[in-house]
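Number of protein chains: 4
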Amino acid sequence: MSVSPPPVPASGGPVPTDALADLAAASRILVAQGVVDGFGHVSMRHPAAPDRYFMARSIAPALVTVDDLIEYDLDSNPVNANGRGSFLERFIHGQIYHARPDVNAVVHSHSPSVIPFGLVDVPMQAAFHNAAFLAAGVPVFNIAEKFGATDMLVGNNEKGVALCEVMGDHDVVLMRAHGSAACGPTLQAAVFRAVYTEVNARVLHYTVALGKGAPMAFLSPEEGRLADAVNQTAGMRAWNLWRTQVRAEFGW
Amino acid sequence: MSVSPPPVPASGGPVPTDALADLAAASRILVAQGVVDGFGHVSMRHPAAPDRYFMARSIAPALVTVDDLIEYDLDSNPVNANGRGSFLERFIHGQIYHARPDVNAVVHSHSPSVIPFGLVDVPMQAAFHNAAFLAAGVPVFNIAEKFGATDMLVGNNEKGVALCEVMGDHDVVLMRAHGSAACGPTLQAAVFRAVYTEVNARVLHYTVALGKGAPMAFLSPEEGRLADAVNQTAGMRAWNLWRTQVRAEFGW
Amino acid sequence: MSVSPPPVPASGGPVPTDALADLAAASRILVAQGVVDGFGHVSMRHPAAPDRYFMARSIAPALVTVDDLIEYDLDSNPVNANGRGSFLERFIHGQIYHARPDVNAVVHSHSPSVIPFGLVDVPMQAAFHNAAFLAAGVPVFNIAEKFGATDMLVGNNEKGVALCEVMGDHDVVLMRAHGSAACGPTLQAAVFRAVYTEVNARVLHYTVALGKGAPMAFLSPEEGRLADAVNQTAGMRAWNLWRTQVRAEFGW
Amino acid sequence: MSVSPPPVPASGGPVPTDALADLAAASRILVAQGVVDGFGHVSMRHPAAPDRYFMARSIAPALVTVDDLIEYDLDSNPVNANGRGSFLERFIHGQIYHARPDVNAVVHSHSPSVIPFGLVDVPMQAAFHNAAFLAAGVPVFNIAEKFGATDMLVGNNEKGVALCEVMGDHDVVLMRAHGSAACGPTLQAAVFRAVYTEVNARVLHYTVALGKGAPMAFLSPEEGRLADAVNQTAGMRAWNLWRTQVRAEFGW
Chain A
72 MSVSPPPVPA SGGPVPTDAL ADLAAASRIL VAQGVVDGFG HVSMRHPAAP
122 DRYFMARSIA PALVTVDDLI EYDLDSNPVN ANGRGSFLER FIHGQIYHAR
172 PDVNAVVHSH SPSVIPFGLV DVPMQAAFHN AAFLAAGVPV FNIAEKFGAT
222 DMLVGNNEKG VALCEVMGDH DVVLMRAHGS AACGPTLQAA VFRAVYTEVN
272 ARVLHYTVAL GKGAPMAFLS PEEGRLADAV NQTAGMRAWN LWRTQVRAEF
322 GW
Chain B
72 MSVSPPPVPA SGGPVPTDAL ADLAAASRIL VAQGVVDGFG HVSMRHPAAP
122 DRYFMARSIA PALVTVDDLI EYDLDSNPVN ANGRGSFLER FIHGQIYHAR
172 PDVNAVVHSH SPSVIPFGLV DVPMQAAFHN AAFLAAGVPV FNIAEKFGAT
222 DMLVGNNEKG VALCEVMGDH DVVLMRAHGS AACGPTLQAA VFRAVYTEVN
272 ARVLHYTVAL GKGAPMAFLS PEEGRLADAV NQTAGMRAWN LWRTQVRAEF
322 GW
Chain C
72 MSVSPPPVPA SGGPVPTDAL ADLAAASRIL VAQGVVDGFG HVSMRHPAAP
122 DRYFMARSIA PALVTVDDLI EYDLDSNPVN ANGRGSFLER FIHGQIYHAR
172 PDVNAVVHSH SPSVIPFGLV DVPMQAAFHN AAFLAAGVPV FNIAEKFGAT
222 DMLVGNNEKG VALCEVMGDH DVVLMRAHGS AACGPTLQAA VFRAVYTEVN
272 ARVLHYTVAL GKGAPMAFLS PEEGRLADAV NQTAGMRAWN LWRTQVRAEF
322 GW
Chain D
72 MSVSPPPVPA SGGPVPTDAL ADLAAASRIL VAQGVVDGFG HVSMRHPAAP
122 DRYFMARSIA PALVTVDDLI EYDLDSNPVN ANGRGSFLER FIHGQIYHAR
172 PDVNAVVHSH SPSVIPFGLV DVPMQAAFHN AAFLAAGVPV FNIAEKFGAT
222 DMLVGNNEKG VALCEVMGDH DVVLMRAHGS AACGPTLQAA VFRAVYTEVN
272 ARVLHYTVAL GKGAPMAFLS PEEGRLADAV NQTAGMRAWN LWRTQVRAEF
322 GW
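Protein chains in written order, with this note's numbering: chain A, 72 to 323; chain B, 72 to 323; chain C, 72 to 323; chain D, 72 to 323.
Think of the hints as simulated: they come from the structure by calculation, not from any bench.
Treat the hints loosely; a few may be bogus.
Any copy will do: because identical chains look the same in the list, a pair fits if it lies in one copy or spans two.
[Claimed, not checked] Dumping the calculated SDA-like pairs for lysine to any residue here, alpha-carbon to alpha-carbon at most 20 Å: (1) Lys230 to Gly154; (2) Lys230 to Lys283; (3) Lys283 to Pro87; (4) Lys230 to Ala220; (5) Lys217 to Ala103; (6) Lys230 to Arg308; (7) Lys283 to Asp192; (8) Lys283 to Ala119; (9) Lys283 to Arg155; (10) Lys230 to Gly219; (11) Lys230 to Ser291; (12) Lys217 to Ala288; (13) Lys283 to Val191; (14) Lys217 to Glu293; (15) Lys230 to Trp323; (16) Lys217 to Met287; (17) Lys230 to Pro77.
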């Protein structure tokens, strides 16, 4: 019995060149900030068609250019693959866009400081105002709970749905023995959160070791809400720096 | 009822170009030394008018040039904004200059090694002679004590005053779940202290973990006083290096 | 009584230039990824003659070019030394090729994060999917058990045999107070494993400190098997990045 | 009452240009390897006159060139200062050359990983073969024991003598709340030891945290002796790399 390939979805229409350049730049930024290495990916919802998103073909983040971007529907079928390979874990992105209308960009990464919080029962808390988006809590997705022993990858829509159920309305979800996903209302916000999830994890490692069990005065949820609002405007200073650095290094 | 904007204060008068270039360079130096990232700022009291200070417009420290510098009065009203945006937390600087006539430069930063000392009840001590300025003690400002749940920022003069009350006559003050401020009699001394507060924090993390509760032979206050005097002259070797590096990289 | 030098073995025959360039590039990649410093080496079995292998002359990994590669038999006698010096520890490589027909490349290194797992009785486990190859266990070779007090080096075939006995059919073996060896079916896989052994070690240090004795949800052996299969194909994305970076920096 | 300056000692005679270039390069190497920052210094005994040594004028190590080198006698009086300032702590060097005829080069540094071993009562041990020279033990000099509260600097010959008494015949001595000094029979060996003291300290921090009090299988003194002999020949591979890197970056 032959299985026919899924039908190729229609495009959501053209997107401003600048927006696609920003997405490719985001990939380079995440490398420069130590969030991704040879692995990891960032995506952006189609600005005019909420049921489509853009993401690079299967390639290391440091090599992504605009020409590597593929458009997908929310089941993560490519619109315009043209023979280019897709990331095995694009379903993380498609299903978050499906479950979360408020989210317009997603970063998936395996940064070394963050992974430990998915391995032991110590909650990731917000250690400083730049990481305020973490103060509402950071859930941990253990793929084995629903799927038993796997290759650990969110490699189909069913696993993507399960990830989203654990994520709920949080901005970051940890993935046991794997990594994390960070999302935001804009590409800039998602990148900011991916970067400061990593920085915050480093601060937490220092703090837990220093405190030796003593109380730790992290951001309260209310402080987190108030500080996060500021980050979404004043916090864009960091994006402006990073985008400037990509332009200076690569000319785009 | 309309609220009229505060009157624009008069300038303290012209300042030597070299001094302003040093201030812009200080911003780049703090980036290169890992004290600031996309956030953080350094200011300098007007050399001829003690009731004025200079600080960059709201921009990432790695991008600051002399053209980005704004003059402020000690209530942090800009003298010459010309449409340029100001940092939300300039009140840290203005109020320290108000409270501390001996201080002529201030650095505010959120370096990852330093933040933990504002989260747990472990005092920051001076682990080696270059950090001698810490041996007199490092107080922690918890903004919530006086202001309840906030966005954590020292975003007005009232909060700046409260910070200064906790700081007292120390050279460095930690800010809970936020960062720190370091100051000195000269720009060079303030930058030196910001850098070695960060280095000292890394040494302390190693030391506390290594010692597992055993006694730690930090600098005594008297040793701190004696060593700090040397740092203020011989310690300028580091500034000379850093300033040379900025010149080599940027040509100014 | 004079001892005649061992006879010079015959060459296994010519090897494609690209394969030798990849081996020299692997050496540079291991430097760039922090796996080796002035010391450490990588080798590759002769693609057409399983009883021969290639490895650089005794030189720091960052300086290796194709011209530095020497061919050896599996007793680690050089085929074409032409006066070039050999690494004292080439016997690690030769004996692994002898004992393990499935292995076609070996990396030996002393990276600071990995050494501790050879010093204390804490097993190196697989903290995330990229390190899946560790989930089957990582044995520790203590040279003193069989050889007493030595210079710690695997400096002859007898010590290489002893190392292989401890290694068994694992992909990585730790060496007490010394370093480790990682191997794989291809050069690319061996380099990948050397790099992610180092990254995984860093994750473990964070995790053990964070967990303070609590259970840690590492990869199970079955998860390791499933994830490792993916790494051997999708994982080559990292090699492609690293190889591209060597080409961009050195032109080969 | 006026105090006449000490008489200017005679020079030990000319030194090959290459040797002086190596000494200046050593300074740059120590920066590149993270052993020194804006502070720290390296010296070399005069190859033909054992009662003279060379060391840079008071300048950051990253800026040292051959023109900055000053010749001193073993009381650390400059032979040819010509108005150039001397390091306050040159007495560390002069007194070690006085006390230790076997030593021909000395490095003084304050690297963050090493300082903690002078602050708590945990001995620095040799975690791997490259740090074999530490296996004979590393004493700690506490300047306060003999001199009370000071500026922590070894700023005269009396303090230098006291340091040497604690150092004895060891290759490295730690200085409480300050840093360390490493020495060797050649410039290359002293630099090697300074670098691997720092690397070894990082390995120890990881190991102590990982072991949580369990036994740690460090190098025994006998293993240290055997491995150190190899380092003094094969270990020069690292110096060759570092010297090549200085040549490539600076052209000398």
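Comparing the hints with the structure gives:
no., hint, result
1, Lys230 to Gly154, "neither (25 Å within a copy, 50 Å between copies)"
2, Lys230 to Lys283, "neither (37 Å within a copy, 31 Å between copies)"
3, Lys283 to Pro87, "neither (51 Å within a copy, 50 Å between copies)"
4, Lys230 to Ala220, "within (13 Å within a copy, 38 Å between copies)"
5, Lys217 to Ala103, "neither (35 Å within a copy, 39 Å between copies)"
6, Lys230 to Arg308, "neither (36 Å within a copy, 23 Å between copies)"
7, Lys283 to Asp192, "both (16 Å within a copy, 10 Å between copies)"
8, Lys283 to Ala119, "neither (50 Å within a copy, 49 Å between copies)"
9, Lys283 to Arg155, "neither (50 Å within a copy, 45 Å between copies)"
10, Lys230 to Gly219, "within (12 Å within a copy, 42 Å between copies)"
11, Lys230 to Ser291, "between (32 Å within a copy, 19 Å between copies)"
12, Lys217 to Ala288, "between (35 Å within a copy, 15 Å between copies)"
13, Lys283 to Val191, "both (16 Å within a copy, 9 Å between copies)"
14, Lys217 to Glu293, "between (33 Å within a copy, 16 Å between copies)"
15, Lys230 to Trp323, "neither (36 Å within a copy, 42 Å between copies)"
16, Lys217 to Met287, "between (34 Å within a copy, 19 Å between copies)"
17, Lys230 to Pro77, "within (19 Å within a copy, 57 Å between copies)"
Hint compliance for this structure: hints 1, 2, 3, 5, 6, 8, 9 and 15 are broken, all remaining hints hold.
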